[in-house]
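Colleague: Listed below are the residues making up each chain.
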Amino acid sequence: MASALATDFTNKIVYTDEVAEFSPEVVEEMKSHLVKYPPERKRSALIPLLFVVQRERGWIDNAGVNFLAKFLELEVTDVWETATFYSMFNLRKIGRHHIQICKTLSCKIMGEPEITEHICNKLNIHPGETTADGKFTVTLVECLGSCGTAPMMQIGFDYHEDLTTEKVDQILDSLK
Amino acid sequence: MEIKAIGCEPLQLKRMHIKDGHTLKVYQETGGYESLKKAMNMSQDDIINEVKASALRGRGGAGFPTGMKWSFVPRQSPKPKYVVCNADESEPGTFKDRYLLERDPHALIEGMLIAAFALGAAACYVYFRGEYRYLIDIMDKAIDEARAADIVGKNILGSDFSCEFFTHTGAGAYICGEETALLSSLEGYRGHPRMKPPFPAIEGLYACPTVVNNVETLTAVPQIIEMGGKAWQELGTEKSGGTKLWSVSGHVKKPGVYELPMGYKDLEKFIMEDCGGMLRDDKKLKAVIPGGSSVYIMNAEQIVGKGVTMDYEGLVVGGSMVGSGGFIVMDETVDVMESTKNLTEFYKHESCGWCTPCREGTDWLVKIFNRISEGGGRPEDAQLLLDICDNIEGKSFCPLGDAAAWPIQSAVKRFPEDFKKWLLNKTNGNGVVANI
Chain A
1 MASALATDFT
11 NKIVYTDEVA
21 EFSPEVVEEM
31 KSHLVKYPPE
41 RKRSALIPLL
51 FVVQRERGWI
61 DNAGVNFLAK
71 FLELEVTDVW
81 ETATFYSMFN
91 LRKIGRHHIQ
101 ICKTLSCKIM
111 GEPEITEHIC
121 NKLNIHPGET
131 TADGKFTVTL
141 VECLGSCGTA
151 PMMQIGFDYH
161 EDLTTEKVDQ
171 ILDSLK
Chain B
177 MEIKAIGCEP
187 LQLKRMHIKD
197 GHTLKVYQET
207 GGYESLKKAM
217 NMSQDDIINE
227 VKASALRGRG
237 GAGFPTGMKW
247 SFVPRQSPKP
257 KYVVCNADES
267 EPGTFKDRYL
277 LERDPHALIE
287 GMLIAAFALG
297 AAACYVYFRG
307 EYRYLIDIMD
317 KAIDEARAAD
327 IVGKNILGSD
337 FSCEFFTHTG
347 AGAYICGEET
357 ALLSSLEGYR
367 GHPRMKPPFP
377 AIEGLYACPT
387 VVNNVETLTA
397 VPQIIEMGGK
407 AWQELGTEKS
417 GGTKLWSVSG
427 HVKKPGVYEL
437 PMGYKDLEKF
447 IMEDCGGMLR
457 DDKKLKAVIP
467 GGSSVYIMNA
477 EQIVGKGVTM
487 DYEGLVVGGS
497 MVGSGGFIVM
507 DETVDVMEST
517 KNLTEFYKHE
527 SCGWCTPCRE
537 GTDWLVKIFN
547 RISEGGGRPE
557 DAQLLLDICD
567 NIEGKSFCPL
577 GDAAAWPIQS
587 AVKRFPEDFK
597 KWLLNKTNGN
607 GVVANI
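So the sequences go chain by chain: A and B. Using this note's numbering, the letters of the first sequence map in sequence onto residues 1 to 176. Using this note's numbering, the letters of the second sequence map in sequence onto residues 177 to 612.
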């Protein structure tokens, strides 16, 4: 398979002082998370807010992190410390559709290798790579709690279960 | 996929097949929130004593008696107290909580509010694994419904009991299913486990007294209050009270979520009859992991004709553990060296990196497994795997290390042929059989 890695998708994090800007609606949404926690425990909102940044900016970038540090009155390193621990935070730019195929035991023995091969051949990339047009990123991930309906994948936040190669084709073809 | 009760009335699964069972209206029509009303007319001690009498044990995997856990909370402490639900269901082979959260979210709210009332808690948090975003949306709607009906928030049901109720998301970290790592994560930090003691009951969330319970543990609480602790216990056995959900995946005809009374007989019947038997009729049963990936793997000889009882004590006698109740059934096409390698990759990926035995140990285990699967296995490699496991088990900061070691220890001992065939090094051909 030819590698279709675009350089954009592999750039190292460049640390700058740039601070991201968000629309008033998004800032209101962020504030709505803060009310869940005691006022002196704003840091508790960090993970939910990192998801908001990722949704708005496509990934966890330097400017988004700088915004959260100001918003939550944290050090920039505090935000990076948390962001780099959790596998759902993308620290590099990824494709528009993030295909996450479960590779843990139940899925493995119920047909995951065939599904992975099919998807990678179809998109002409390896797991961990992004298509040249920036549409798809494929990642192999650990157990997503759909073992009874294996094999499965999650695209964005949507679960797709009891997969067959035909079903995978339908799902991928329906994505814009 | 099947979702049904066998050998008992569906309790946990009561609303799984009722239309709109996730709504407040249907929940109340089917007896919902009656237990909360009943509990709010009981004393805090009486509630905790009912839970103790029920012999309910934590359904997340550790199996710690729930009533005892609650009784450790210093209710007279001036600090706020918290009830936290562990909905970070990430144990490979386990997916029972997902269906409870999807189809019966109010049962969790009710169970948590009863716990909060018994402990005098100021707020409840439900910590979801980040991948379960659609379940967070369902739970948020349920909380809004309950708040509008004065069931959560200020002056619950017109009383002077107030308790806030929130969802919180993780972001992809198995370790956050460990209760102290979950609390670190809920505070916005990396999911590192904390030193115990102090236990969360004394210093948990924000260093305040906190109870952390699994979803299935908390959804059992309304049933216990409704029928009384003793009656609920008698559904199961003396030490393993009530009913339990089992997730079943792998090579069976009817994978799914099954509710069984504790002490169900027996494991062979469960797989071969209740779950429809082997997926492919011409393939024999080879291996079963009964409690999520972190328990000992069982071979067919330990199951067939052995009458293994399905409860905490019975599965230990049978050679494994209840754990989270996640069955992974494997037929003879599975190579147990490869399946164990797969699970070891999981533990390596999920090791939080906090302590050396687990961080370095799981990395070395994967390296050795890679060598074996690439055809370079050395005769001494099985023993090497066991030596490394010995240096992780009991020596890591939290139970993740043990969980990584146990599958390997049991696989090497119970499936020696699957390792031997990889370890008879073809290139030096000296015929030395691995010391298994």
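Hints may be right or wrong, so weigh each one.
Partial chain A-side listing against chain B, Cβ under 8 Å, derived [what the hints assert, rightly or not]:
id, residue
1, Ser32
2, Leu34
3, Lys36
4, Pro48
5, Leu50
6, Trp59
7, Tyr86
8, Leu105
9, Ile109
10, Ile155
11, Phe157
12, Lys167
Some but not every residue of chain A turned toward chain B, in silico, with C-beta under 8 Å [said to hold, decoys possible]:
id, residue
13, Ile47
14, Glu56
15, Arg57
16, Thr82
17, Asn90
18, His118
19, Asn121
20, Leu144
21, Gly145
Label-pair restraints from in silico Cβ distances [stated by the list, open to error]:
id, chain 1, residue 1, chain 2, residue 2, range
22, B, Asp326, A, Asp173, 44 to 50 Å
23, B, Glu205, A, Glu75, 50 to 56 Å
24, B, Arg251, A, Glu21, 35 to 41 Å
These are calculated hints, taken from the structure and not from any lab test. Glycine included, every Cβ here is placed at the ideal spot set by N, Cα and C.
Colleague: With reference to the structure, classify each hint as holding or not holding.
Modeller: Quick rundown of the hints versus the structure:
1. Ser32: violated, 11 Å
2. Leu34: violated, 11 Å
3. Lys36: Result: holds, 4 Å to nearest chain B Cβ.
4. Pro48: Constraint on Pro48(A) satisfied, holds at 6 Å.
5. Leu50: This hint holds: Leu50(A) lies near chain B, its Cβ roughly 7 Å from the closest one there, short of 8 Å.
6. Trp59: Status violated, d = 13 Å.
7. Tyr86: holds, 4 Å
8. Leu105: holds, 5 Å
9. Ile109: holds, 6 Å
10. Ile155: violated, 12 Å
11. Phe157: Cβ of Phe157(A) sits 4 Å from chain B, so the hint holds.
12. Lys167: Not OK, violated: Lys167(A) not within 8 Å of chain B, min 15 Å.
13. Ile47: holds, 5 Å
14. Glu56: At about 16 Å, which exceeds the 8 Å cut-off, the nearest Cβ of chain B leaves the hint on Glu56(A) violated.
15. Arg57: violated, 16 Å
16. Thr82: holds, 6 Å
17. Asn90: Nearest chain B Cβ about 11 Å off; hint violated.
18. His118: violated, 20 Å
19. Asn121: Violated. Min distance 22 Å.
20. Leu144: holds, 5 Å
21. Gly145: Hint holds; Gly145(A) Cβ to chain B Cβ min 5 Å, cut 8 Å.
22. Asp326(B) - Asp173(A): 44 to 50 Å: Between Asp326(B) and Asp173(A), where Cβ atoms are some 48 Å apart, the hint holds.
23. Glu205(B) - Glu75(A): 50 to 56 Å: Since Glu205(B) and Glu75(A) have Cβ atoms about 52 Å apart, the given range 50 to 56 Å holds.
24. Arg251(B) - Glu21(A): 35 to 41 Å: violated, 47 Å
Consistency with the previously given hints fails for numbers 1, 2, 6, 10, 12, 14, 15, 17, 18, 19, 24, ordered from lowest to highest.
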